[in-house]
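Those protein sequence lines, which keep their order, are chains A and B. When you line the first sequence up against the numbering used here, it's residues 1 to 165, in that order. When you line the second sequence up against the numbering used here, it's residues 1 to 518, in that order.
For the record, the hints were derived by calculation from the structure and aren't laboratory data. What you are looking at is a predicted structure, and each value in this text was computed from that prediction instead of being measured. Accuracy of the hints is not assured; some may be wrong.
[As the list claims (entries may be wrong)] What follows is a list of derived Cβ distance ranges for each label pair:
1. L57/B - T31/A: 51 to 59 Å
2. E122/B - L32/A: 55 to 63 Å
3. A210/B - T25/A: 55 to 63 Å
4. E437/B - L32/A: 41 to 49 Å
Using N, Cα and C, we set each Cβ at its ideal position, and we do this for glycine too.
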Amino acid sequence: MELDIREPEGRISKKAVTVWRLSNTIGHGITLLVFAGLIIAGSRFGWWDWAMTVLWIFGGLTALSAVYSILIEPVILQRTWRYGADEEFVQMRHGVLTVQHQTVPMTKVQYVGLEQGPLLRKYGLYTLTVGTMGSNHSIPALPEQEAKEFRNRIARLAKIREEEE
Amino acid sequence: MESRRMHPGRILLSLYELVKNSAIVFIFLFVLRRGSDAGWVVAGRWIFIAAIAISTLNIILSWWRTTYRLEADSVQINSGIISRKHRNVPFRRVQNVNRQVPAVLRLFGLTSLTLETGADGEDASVKFPAITKAEAARIEEALDGYRKERMEADRPVTGSGSIGGEAQQMAGTGPLPGKIRTVHFTPELKDVLKASFLSFSFIALIPVLATLYSNIDDFFDLDSRAEGFLSFLAGSGIVLVITVALFAVAAIAFGIIRTYLKYGRYEISSDDERIYIRRGVLTEHSLSVRKKHVQAIQITETPFKRLLGLAEAKLVTVGSFEEGLEDISSLYPFLGKQRAVELVGELLPDIRVLDGMERLPKAALTVRMLRFPWTAMIGTLVLSFWRPDFPFVPDWPVLAAALFVFTYALRYFDYRNTRYAIRGPLVQFSKGGLSRETFVTRREKVIEAAVSQSFLQKRFGVATVGTTNRAKPVHVEELKDLPKSAAEQFNRWYTERNPELVRADEEAESWKTLRSGS
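Make a model of the complete structure from these sequences and hints.
Right, here's the structure in full:
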């Protein structure tokens, strides 16, 4: 029984899948290397049995989560991301297992910005951040044109009435 | 307007603090080692004298170089002996006004005043450490005067219905700030007695004694004397009984005095514009906050207080509080629940604790029981590795079983206690397994809303809703496993009810029904 909530229309770039796959491969690759190093060192120097068991368990869990977050998660995440803004609210919807709907009123938006790391730059994408008085939200992987338009739109709508400090 | 300095009492206050902080070093160097000619003691004395001289000079100069000026809509503060710092804080940013008056200041008829803003970091507040009461009143009036002017200027704007922002709209329809203060609560003797038992402050005698003991022990060898005393006690039953009784009497007396000093002269009052809370017998603490700046109300009932039907209501405000003032926004922690709820209604015309809240559906209980018990699982794993072996402690499987029973019992109690209401401009959540917490806020005070649904929740048709309110740090409230329809209603409540589109009389109407309902 899915929630009957009006969803925003905007979708993030398809290239997000590739970017996430790359970054997750790097991240998980490093973690797996560390585990492999520890396990090799442990068997060479004869560490305690329980330490080796723990290493194998956590190493195995990392390998499983690597499979999930490289092969499966990016596709679903990209497919389920929605964002949008009307005169009143910025809305975001995302999540694979848990679906999150977030609503930020324009009046409470404090800043909006674009970010681009090396991977995103390679694919010409931007991450858009919307900051309120206490937290901030990111919309990942927007193509340059859309990112800039959306930023300017929020900036314009949020600026009209900024009153209560 | 002209620039002013703090009252010269500021110097005395700083000197008093200097003396207080350096007393132990002084006693050590000049009293306990008075006969000593050792090189390091002599050097230490000269360094001590130099440090005191420099600090004194610094205190006087920084008083001399700190000035402030009240402008039409802001306050300008200049400070710094050599590198100067100029700050300008607009009145519209001021959220709370606090006073903390230590006994030293009161002797001179002075007060401190802090203006708290919603900003972060060291510039979040403007502190006047020592000013006369008349001057403090003048500063507070400047704050109010600015607001009054602005409200009058806003009237025609809101009348024509242009973009105005919620704050002005409400200010425009409300009455002009009256200066008549109503006192809503002052504790009687029985309240203080109740408070002193319920706050368990008599237990606080133990750490106080321990600190005293270890401080004295640094200079005198108490340990060996104490041993002798203990063996003397153990030798005679009557002496032991008398000692314990004396200690109990001392602890209770200490508790009552301590509680009296903190909560004895509590006073909660309000006028049309602001809420005032003051407390403290020796050191006086007070808070004044605009009603419009109260973001939410939080009512906490600890298990002990629930047994006795007590509750603590707290105002959630944006400006944070300096040390020692953290709990000043509480409306007396030992009120009967009914009275606490009434008090909220008396103080805040816009927020009302709702009656007749909805309970969670049965499906929510199923979802909660099905959730993976991470804490209990990890606890069991740790126990099975560790296998604690102490006298009187049962074996680890028993402990693990107890952990699971506790986890699931807590889930059940939390399910039983959870309630919600979405009505008019208000939303109210109530939850907690052992302690119960009730949270109520208005739609326009919520700066962010979230609805989420996990895979499990989707199966059983429930969802989680959450609000974020301004505070420092932000106040995040979450309620799990509402029925799907209520979560959708919550989303509509937040996105579709535009405060600017709601007519003022319509708003008033919903209030009337709420009042008669409660």
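Among all the numbered hints in the text so far, which are the ones the structure does not match? 2
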